[in-house]
Amino acid sequence: MTTVDRGLDHLQGGHDEHHDVPYLTAKGGPIATVWDWMTTVDHKKIGVMYLFSVLFMFFLGGVAALMLRIELFEPTRQTAAGLTGAAFAGGEGSSVGAVGKFYNTVMTMHGAIMVFMFIVPGIPASLGNFFLPLQLGAKDVAFPRMNLASWYIYVFGSFFGVYVILTGVVDTCWTVSSPYSTSTTGQPQFIAMILAVFVLGFSSIFTGLNFIVTVHKLRAPGMGWFDMPLFIWALYATSIIQVLATPVIGVTFLLLLFERLFQIGIFDPGLGGDPVLFQHFFWFYSHPVVYVMILPAMGIISEVLAVHSRKRLFGYRAIAFSSLAIAAVSFLVWGHHMFTSQGELAATIFSALTFLVAIPTAVKVFNWIATLYKGSIALTTPMLYAMQFLFLFSIGGLTGLPLGALSTDLHLHDSYFVVAHFHYVMFGGTVIAFLAGIHHWWPKMFGRMYNEFWAKIASLIVFVGFNLTFFTQFFLGTQGMPRRYASYVDDFQLLHQISTVGSFILAAGFFVHLFVFIHSLVVGERAGQNPWGGLTLEWETDPVPLEHNFRHEPVVRHGPYDFESVVPPGCDEKEFPLPPKDEVRTIH
Amino acid sequence: MMTMTRMPTLAIHDFLIDLFFRRPADSDVGVGWGTDGLFIFIWWVGVFFFVLLMALMGWWAWKYRRIPGKAAEPSPSHNTALEITWTVIPTLILVVIIFWGYNGYLRAQMPEGNAEQIDLTAYKWGWGMTYDTGLGADETVPLGSSEVPVFYMLLKMSSQDVIHSFWVPDFRTKLDVIPNRFTPYSFRTLPLEDSDNRVQTRTVQIADSVRENVRYRDHWIFCAEYCGDLHSEMGAIMRVVSKEDFEWWKSVPRYGASTNPVEVGEKVYIASGCATCHSVDGSAGTGPTWYQVYNRPVPFADGSELSQAEIDADPLAWDNYIRESILYPAAKIHAGYANQMPSYDGRLSDVELRGLIAYIRSLSGLDVETENIPGFEQLDEAAESPQASIDAQTNGES
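These protein sequences, in sequence, are chains C and R. So the number in the numbering used here is just where the residue sits in the first sequence, counting from 1, plus 41. By the numbering used here, the letter at position 17 of the second sequence is numbered 11, and the numbering carries on one by one without gaps.
Everything labelled a hint here was simulated from the structure, so no lab data went into it. C-beta: ideal position from N, C-alpha, C; glycine also. Fair warning: there could be bad hints in the mix.
Heads up, simulated PhoX-like pairs for lysine-lysine below, C-alpha to C-alpha not over 25 Å straight-line [as the list claims (entries may be wrong)]:
1) K615/C x K64/R
2) K258/C x K180/C
3) K415/C x K244/R
4) K68/C x K180/C
5) K150/R x K615/C
6) K150/R x K244/R
7) K497/C x K150/R
8) K237/R x K150/R
9) K497/C x K415/C
10) K180/C x K415/C
11) K415/C x K64/R
Far from chain C, some chain R residues (derived; all Cβ distances over 10 Å) [to be verified]:
12) D113
13) D170
14) I200
15) I305
Chain C extracted, bound-state conformation:
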């Protein structure tokens, strides 16, 4: 068993044995270090590079979101003197149409960045890349070079995409619905935008393929499928979706290109195509991809709840299988995005199938709550975020019910209710879980602790800001506010203003987090090998993992959640005591 203080000295660098140094150790001067990072095939460094990249994209998408909220603070009206209440009005000569165009471009920025460049790659490519091999006891992912290629493709695709949207004034929304998208945007910009998303798809496929092979082939000796941590199960289910669904969006976008370039009628009714066909193709990718966004988040929550309440997860197998069940059913429900445009029979079938997804999801939530029963619960920052997740994700899940039911969806479809629902699931679910994961694994990634007090304050600000921003939007939706509107009728103003104020509180919470992280990196206290008392293999490594992860190939002798019978590696039994042995025997 390793000891707590081993490896701290290695942080200072200069160790001769290449494979024995912590991965963060600098390789000579600044230029050599940068070169080392840019050419690394180490999954940990790639994970860290991905983490900073996706967080930067989250920042850009967030700025766009705040711009939208500013514009929506007042209903825009046209008077004889000009526009009132339009934040985006560009002085004299600007019209309602110009404000709308600008709003729509910013909205496209927000959607495209958050979906394609932040939330889809988000957790798998950053935390997944870093911890999947560690949790499996492997030295790296199966294809390290492909892993690096994935990052380069991601960075190239992201910058290209943002550049095109900004310079080309692309206003198609992230959904690029035909025939709107093909009939309005200028040809070069549109093709460039499509290509950017096409390229980004490859980074997603590379990561997914890598994870599948790694899980199958590189598990440590002694680790059977049901000895895997639930984060791995979630990433595995995610990867299957990524590999199977991403090519569909690639093909769809190629068809759009062919239609545009060679005038082949596929989606454009002007050429004899069918616009509803485009929606089928698009959602056949984009609905499964919703689960690419949420499944890894569920995996994080399973880890965090178990470790911080020192409890074996309630219904391990049920949670593992529900991940796979959600992945499988996710391919059958795309039609619920089109209740208002498809035939009655199809809508009926898709409505019933949609509720199939609700059941494994509900089972997961019940299991997580039951895990808390008779635990030893520490209210650390990751745990607070996990409990926020349960709160917000439950609201997000339950508000999905009136959207899956046919008659209520006819009213709520494409309204602010949908906006609120998916922000509760995607932000209240995925982003909050991402924050839980970052705080849970931060000490292992950077070898330092953060200021728990200020991190908890920040999490509270985020919670309040988030609910002010999005809870109001449920009411806007039921009262008749359609989505993607740059202006609205006066009745909705009060709720919009509360939402805008909330969005700035939310942003403030993130800035507190940013300062906590920077503070930690600069002067944070050194973290031990296993500050939370986790039992998964990543906690058996040095405080900062070595380049090749483990000093010896780990052999799995206990399950990932055997808290009642195993003293966590690198921990003192006084701090993490075990119950008397005879009690344990009676339970199993």
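For chain C, the structure is supplied; the task is to place chain R on it using the hints.
For chain R alone, kept in the frame of chain C given last:
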């Protein structure tokens, strides 16, 4: 089949309806046990599970908080009976929701055979209605509703350009309007009751016919499918009147005695949606302004132009340019503007086209000689402009 089923009136239920929807639905699919009722049912289901789960989470997080030096009490890590229970019970509730929603959906999607049918055309960015009187586009839609039995409407919808979606929030239902097919939007409005404080009365005059005490109730129409720059401005008012008033409204001839073509043009300008993009005071818009442009050179996007020499040589050059631009907008694109105007081919009559030309001409301060324009001896100022009432509401000046 249909009677107006109202839920037993519980104070809490009415409160929730007001909280979520501001007021009960105004259509038979929405009201009572329909959409509103299902939504409130789901709300109660959600509140039950949410409160239960959060109470357990909070209680246990407090009760089992970590005490240094104390191990967690051993406890079971699964329980088959419990896990089956919490799978089966939600499943049963979901089945109820599926069938309840399906039932309401069928009522919304499948009208009975006796519906009054109206053609609806969506375009960027407005709605056009054509009644069986063969009238031109008109945004305010007097739709039928009588006391009882309630009058059915079926909108046969199609789009001129991209996908739009027709949504009347008060009716709790919407449907996409798609370029290459007709889609049906059917509804049965609730009667105009005296107890409803939104019901108003006014006097309507069309040509020489006057009808007093016409009772009506207005509903917002929104476009719910993203369609570009003025997507959020694509609103309109649906005006529900009694069936008798509707029949009268349809039966009155629109254009009676002769009138000024400029006024006809101005009316078409507003009613057909030209005003959405083209200003008449020189201010910028999605399309070029009409102010002071007649018989002046026009630069085109491809570098060519309608030159002063051409205009001087041909007195109808500008008239033909306007005509072409309305019927085939993509033929010549004004420099600095995008090609996004829909075609009005088949949607405007010759008289309306001539009226528009006269109107544009008048905006340049040029006189129009009425008697030289054939067809206008039969025209009249029709009913008050519906768009004006929408503008008034949008501007908060009503």
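Is the Cβ of I305/R farther than 10 Å from every Cβ of chain C?
-> 26 Å, holds
Taking the closest pair, is the beta carbon of D113/R still more than 10 Å from chain C?
-> 18 Å, holds
Take the C-alpha atoms of K150/R and K244/R, compute the straight-line distance between them, and say whether it is at most 25 Å.
-> Holds, at roughly 18 Å.
Measure nothing beyond the straight line between the CA atoms of K68/C and K180/C; if it is 25 Å or shorter, mark the hint as holding.
-> 20 Å, holds
When you check the alpha-carbon spacing of K415/C and K64/R, does it fall within 25 Å?
-> 12 Å, holds
Hinted pair K258/C and K180/C, Cα distance within 25 Å = Given pair K258/C, K180/C holds - Cα atoms ~12 Å apart, limit 25 Å.
Verify the proposed pairing of K150/R with K615/C, using a straight-line Cα cut of 25 Å.
-> Outside the cut-off at roughly 75 Å; violated.
Do the alpha carbons of K497/C and K415/C lie within 25 Å of each other, as the hint requires?
-> 24 Å, holds
Taking 25 Å as the top limit, are the C-alpha atoms of K237/R and K150/R close enough?
-> 19 Å, holds
Within 25 Å, alpha carbon to alpha carbon, are K415/C and K244/R?
-> 73 Å, violated
Please work out if K615/C and K64/R have their alpha carbons no farther apart than 25 Å.
-> This hinted pair holds, its Cα atoms lying about 9 Å apart.
25 Å limit on alpha-carbon distance, applied to hinted pair K180/C and K415/C | 36 Å, violated
Consistency with the previously given hints fails for numbers 3, 5, 7, 10 and 13, ordered from lowest to highest.
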